[in-house]
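Asks: Keeping their order, the protein sequence lines are chains A and B. The numbers in the first sequence follow our numbering, run straight up by one, and end at 155. The numbers in the second sequence follow our numbering, run straight up by one, and end at 217.
Hints were generated in silico from the structure; no laboratory data involved. One thing to keep in mind: the hints can contain errors.
[Claimed, not checked] Stretch-level coverage of chain A by chain B, calculated; a stretch enters the list once three of its residues show a Cβ under 8 angstroms from a Cβ in chain B:
{"#": "1", "stretch": "16-28"}
{"#": "2", "stretch": "127-135"}
[To be verified] Every beta carbon over 12 angstroms from chain B, so not counted as near; a handful from chain A, in silico:
{"#": "3", "residue": "33"}
{"#": "4", "residue": "41"}
{"#": "5", "residue": "80"}
{"#": "6", "residue": "83"}
{"#": "7", "residue": "89"}
{"#": "8", "residue": "91"}
{"#": "9", "residue": "94"}
{"#": "10", "residue": "139"}
{"#": "11", "residue": "148"}
Built from N, CA and C at the ideal position, the CB exists for glycine as well.
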Amino acid sequence: MLMPKRVKWRKQMRGRMKGLSYRGSEVIFGDLGLKALEPGWVTARQIEAARRAIVRTMRRRGKFWIRIFPDKPVTRKPAETRMGKGKGNVEYWVAVVRPGRIMFEVGGGLPLEVAQEALRLAQYKFSIKTKIVGRLDQSGGEG
Amino acid sequence: MEKVVLQANRREVVGKQVRALRRQGLLPAVIYGHHIQPINIVLDAHEAGLVLPRLSSSQLVVVEVNGERHNALVREKQRHPVTDALIHVDFHVVSMTEKLRVMVSIEFVGEAPAVKNFNGIVVPSKEELEIECLPDDLPNRIVVDLGELAEIGDAIHVRDISLPPRVTVLEDPDEVIVVITAPITEAELEAAETVAGVEPEVIEKGKKEEEDFD
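Whole structure, please, built from the sequences with the hints as guidance.
Replies: Below you can see the structure in the form of structure tokens.
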């Protein structure tokens, strides 16, 4: 599963997920992408499950890109523990995703129907609403 | 090809107040260039939404601002991150007698035989090419045929591109535009799947401080 190799601090505060994803909101590498429609924490486990679904559908054709990285540690206190005595242990890693973020992209000569099916199966792996989007236009001066 | 004409009006409203214009079905835009003062304009959002997504960054449009015609290129389209609706457009006025340097998008057409026969992966390394020419000679897009890529490792370079006369490419002729790479092998796939979750290394004093708590 994805996680950072080195971190500056072992634990983090939860933070806020206000606003939209103004960066990383367009498909740039592949032909189709998976766009987040809600804010949320996407866990490394969900990313891995989606990645497996995509890889299996693609069957060694084409290429895919993961555009998010779980760099935020989430801690949890053990069950039946009294409050206090410090923050819990790091249990898993999440990527903070805001609405508009392109999470996955597929392309590289992959037939369109296969690309759509791969992303459709990947959609089930996330706890947030997503939609499949294509490239907006070949180029309009963006980027 | 006939030029696209967009009707626009001058706009006095600037800043966050332009949201009110969007609610009225208008699209705020700006028009600027080498020889003119920037003008804030508004377009009809519906009409612009039909025309602008089909325009490439190197396609000339005529923006008619209160009867005054400007030849321009679409420099930037700002979109809403979630809905992808247009929220603002920049037009760059060009002089028809001066040479321009423009990024022209590359369009890949056809199917590479290497994909069909060897499961190769098409990896485009360039999406745009920088060219220099007069506005009248501007190609809308550069078409690259993938049909020549027969084997894995085959590539199309900048030097292989045929462009209309009077158009100069400003990029290195040896640069690769698209290449066919080998598909991922089973071993690579397995190796990628069996990456064990290792504890990340903590830099600096994060660890020390934590130990102080105990």
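Asks: Now, for every hint given, state plainly whether the structure supports it.
Replies: The hints, checked one at a time:
1. Counting residues of the stretch 16-28 of chain A whose beta-carbon sits less than 8 angstroms from any beta-carbon of chain B gives 7, enough to reach three: the coverage restraint holds.
2. With 0 residues carrying a beta carbon less than 8 angstroms from a beta carbon of chain B, the stretch 127-135 of chain A misses the three-residue requirement, and the given coverage is violated.
3. With a least CB separation of 5 angstroms from chain B, residue 33(A) falls inside the 12 angstroms interface cut-off, contrary to its annotation.
4. Remark: the non-interface label on residue 41(A) conflicts with the geometry, its nearest Cβ contact in chain B lying 9 angstroms away (cut-off 12 angstroms).
5. Its beta-carbon lying about 14 angstroms from the closest one in chain B, residue 80(A) satisfies the requirement of being farther than 12 angstroms from that chain.
6. With a cut of 12 angstroms on Cβ distances, residue 83(A) falls inside the contact zone with chain B, its closest approach being about 9 angstroms.
7. A cut-off of 12 angstroms between C-beta atoms confirms that residue 89(A) is not in contact with chain B; the least separation is 15 angstroms.
8. Residue placement check: residue 91(A) keeps its beta carbon more than 12 angstroms from all beta carbons of chain B (closest about 21 angstroms).
9. No beta-carbon of chain B is positioned within 12 angstroms of the beta-carbon of residue 94(A); the least distance is around 16 angstroms.
10. With a minimum CB-CB distance of about 18 angstroms to chain B, residue 139(A) clears the 12 angstroms threshold, and the non-interface call stands.
11. Non-interface status of residue 148(A) relative to chain B is broken: a Cβ of that chain comes within 12 angstroms, the nearest being about 6 angstroms off.
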